[in-house]
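A.B. asks: Listed in order, the protein sequences are those of chains A and B.
With my numbering, letter number 246 in the first sequence gets 260, and the count goes up by one each step, no holes.
With my numbering, letter number 380 in the second sequence gets 394, and the count goes up by one each step, no holes.
Hints listed in this document are in silico derivations from the structure and should not be mistaken for laboratory results.
Please read all numbers here as calculations on a predicted model, not as lab measurements.
A virtual CB, placed ideally from N, CA and C, is assigned to each residue, including glycine.
A few of these clues could be false.
The calculated label-pair distances, taken between Cβ atoms and stated as ranges, are [said to hold, decoys possible]:
hint	chain 1	residue 1	chain 2	residue 2	range
1	A	Asp-297	B	Leu-18	51 to 59 angstroms
2	A	Asp-133	B	Lys-383	27 to 35 angstroms
3	B	Lys-72	A	Asp-360	25 to 33 angstroms
4	A	Gly-34	B	Tyr-341	24 to 32 angstroms
5	B	Lys-386	A	Glu-135	43 to 51 angstroms
6	B	Gly-95	A	Gln-298	24 to 32 angstroms
Covered, in the sense of this in silico footprint (three residues per stretch, anywhere, with C-beta under 8 angstroms from a C-beta of chain B), are these stretches of chain A [claimed, not checked]:
hint	segment
7	60-66
8	127-133
9	310-321
Number of protein chains: 2
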Amino acid sequence: MKTLEKASCQGFSAAGTACGLKKNGKPDLGMIFCSVPASVAGVFTRNKVQAAPVLLDKKNISSGVCRAVVANSGCANCCTGKRGVDDAVETTRLASGNLGVDAENVLVASTGVIGKTLDVEKIRNAFPRLVDSLSPDGFGAFAQAIMTTDNVPKVSAVQAEFEGQTFNVVGAAKGAGMIRPDMATMLCFICTDIQANPNTLKRVLRPAVDASFNRITIDGDTSTNDTVLLMASGLSQVAANRCMDLFQQAVDKVCLDLAHMLVKDGEGVNKVVTIDIQGADSDQDARRIADVIAHSPLVKTAFFGEDANWGRLLAAAGRAGVPLDPYVVDIFFNEVQMVKDGMGLDMEAEAMATEVMKLPEFTVKIDLKMGKGQASVLTCDLSYDYVKINADYRS
Amino acid sequence: MKTLEKASCQGFSAAGTACGLKKNGKPDLGMIFCSVPASVAGVFTRNKVQAAPVLLDKKNISSGVCRAVVANSGCANCCTGKRGVDDAVETTRLASGNLGVDAENVLVASTGVIGKTLDVEKIRNAFPRLVDSLSPDGFGAFAQAIMTTDNVPKVSAVQAEFEGQTFNVVGAAKGAGMIRPDMATMLCFICTDIQANPNTLKRVLRPAVDASFNRITIDGDTSTNDTVLLMASGLSQVAANRCMDLFQQAVDKVCLDLAHMLVKDGEGVNKVVTIDIQGADSDQDARRIADVIAHSPLVKTAFFGEDANWGRLLAAAGRAGVPLDPYVVDIFFNEVQMVKDGMGLDMEAEAMATEVMKLPEFTVKIDLKMGKGQASVLTCDLSYDYVKINADYRS
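Hey, can you work out the whole structure from these sequences and the hints?
C.D. replies: Structure below.
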């Protein structure tokens, strides 16, 4: 399995353009088109408040067939009532007219401010030139068009070989706030040319999402628009059911790559930190502790301050509501042990731990020394810029 | 029942001094002394990681009798192993020697950095002058000595009358980070001269804490040192069991006052916001939604930005994991309705809501229109200063 510099995938073309939904004139409308009916599976937000495009997609995806995806930034089309659903449906109709495909086989996604209605007129006007610019190399332009507070477009592509034949998996995603386990204001679109039916895709997508997007957190908020789609054109010579492990690995790899990019490019993020919990009574306990630490503002501001304040780590672990003996806990910053049996080591250890925290990425390992449960979560620091971005977002 | 400007309570004297635990030379050691054996009850942190003074107090309080409290700032004496407990015990012995009371009747409390050992020598040296300065008017000085990142000392005092006799309730508390429902890095010491046994005090303290300190949040972190003590000298002419409602009201009032002061003086706080949830299926559901909203970084940064971003409120409510119909929800900023049936109202409403958000204190009311469940939680904004204070705390 190899990573591809140039993302492409047989059957799929993509494009992005500026249609005026964003006030600043930046790209805000993207499309992915499949030249044949693609199989599709999706994972959507569990928030009780769900945006219109999520509601529509959940209906349209039931056929298992997708021909095109239309995604816009600049407006979440959420909390927009019946009008919001009408606007989402109208978007699929416009795509249908421009592409010559069934409207029911078009999926839509929106991201941006909640509560603003979608200006479909702008989308209508932009569609002809968007369709004209569809290209097998268009994933970068597509990724650019779905950015909100992201700083960089996010694309990951891998190629895998099975019995002398190759297949591709290409994904494009956007963050960058409202990211947490259980999905996010995260949109992610994954295309593959492997041969796979919707059920196979579903079986592969759920664990891939659980091991990647559901293990990252930027601010603990969950979006109303989270959507991950996996589409298969079937145009390669490889059948997924003959190499399920390899296919799973390829989809996992793309999801993990994109998840890592999301955290790294999170709002105001300077540090990407892996919280690695070992020795808990169960994996579930370990996950619970990892989550509490990953969300703790005191821990996250200490990361920002490059302060090896291990007491905050222990205090956060202690309020996770799971068994823990503070007198046996060990804590490491990368390879540097800072805490042994619940007590801080010397100034030298602290100086070395502080050096580790100056790195842009590091791991905090906490060993509870109770059992075999383990979990890891990817988090980030909490910085001035996070506050600035989110205090000023709408102004 | 009236609020007293000058806090005092028969039998109790208090004092504060600087003993050198804080590098900056500010007051860091406080004492409350009771001239007679006081009844006592306490509520302590539920964090699994508990500081040495908490462990010792839980033992000493079992007698139901307290003669003195020693509280220090500048060092939490937490994650300090067996040495930490020895240091806490030694502190009670030193107080015992200076005050002529049993060491077992001395309670201790510490707040400050976790993982640093307590320099008992400094406490030993300071005790004689601390005891000399004990005064019925010393609650202000005591409150000053327990401050960490607090900006102002926090004292609340009320006097109530029952059948022509008065009794007093005086409380001193400190915040200001690690504050959340389920207690906090909060220390709170309440003295009363009512006649009450330890069981009566316990019965009154728990609901008072639940209705006050357990309903506030600054950053969602729970401290390892949280302690609330209620002590009764019995030197007034009023017996608590003859006026339980009135006594409860008086303790509630002091706790609510102090809780409000804690949020107002929270780290980097510019806005004190009441999250008021109405119309949930149950009070428990309402509380769950209020908590999620009160902790949401996106909501809190919007408060800081004075941005009536109601979409974030709805999105946070939606991920609380309780039943909610987004199409019927109403949202108000004080009296200004911003959302009706899940949709934002016009620009005029938004302009008025934005005016409300410019106030230093306001209420966000969310009516789910499903049932009769309700709850309210006091929270605050998330500002640059919160990040600054917590990134730099130890440097």
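A.B. asks: Given the hint of 24 to 32 angstroms, check if Gly-95 (chain B) and Gln-298 (chain A) actually sit that far apart at their C-beta atoms.
C.D. replies: Since the Cβ atoms of Gly-95 (chain B) and Gln-298 (chain A) sit about 29 angstroms apart, the hinted range of 24 to 32 angstroms holds.
A.B. asks: Is the coverage entry for the segment 127-133 of chain A by chain B consistent with the three-residue Cβ rule at 8 angstroms?
C.D. replies: Result for this restraint: holds, n = 3.
A.B. asks: Check, residue by residue, whether the segment 60-66 of chain A contains three or more positions whose beta-carbon lies closer than 8 angstroms to a beta-carbon of chain B, and give the verdict.
C.D. replies: holds (count 5)
A.B. asks: Is the hinted range of 43 to 51 angstroms satisfied by the C-beta distance from Lys-386 (chain B) to Glu-135 (chain A)?
C.D. replies: The hinted range 43 to 51 angstroms holds for Lys-386 (chain B) and Glu-135 (chain A), with Cβ atoms some 44 angstroms apart.
A.B. asks: The segment 310-321 of chain A covered by chain B? Criterion: 3 or more residues, Cβ-Cβ distance below 8 angstroms.
C.D. replies: holds (count 8)
A.B. asks: At the C-beta level, are Gly-34 (chain A) and Tyr-341 (chain B) separated by a distance inside 24 to 32 angstroms?
C.D. replies: For Gly-34 (chain A) and Tyr-341 (chain B) the Cβ distance comes to about 29 angstroms; the hint holds.
A.B. asks: Within 25 to 33 angstroms: is that where the Cβ-Cβ distance between Lys-72 (chain B) and Asp-360 (chain A) falls?
C.D. replies: Holds, since Lys-72 (chain B) and Asp-360 (chain A) (Cβ atoms, about 31 angstroms apart) stay within the stated range.
A.B. asks: Assuming the hint says 27 to 35 angstroms, is it satisfied by the Cβ distance from Asp-133 (chain A) to Lys-383 (chain B) or not?
C.D. replies: holds (30 angstroms)
A.B. asks: Regarding Asp-297 (chain A) and Leu-18 (chain B), is the given constraint of 51 to 59 angstroms on their beta-carbon distance met?
C.D. replies: holds (55 angstroms)
Of the numbered hints listed earlier, not one is contradicted by the structure.
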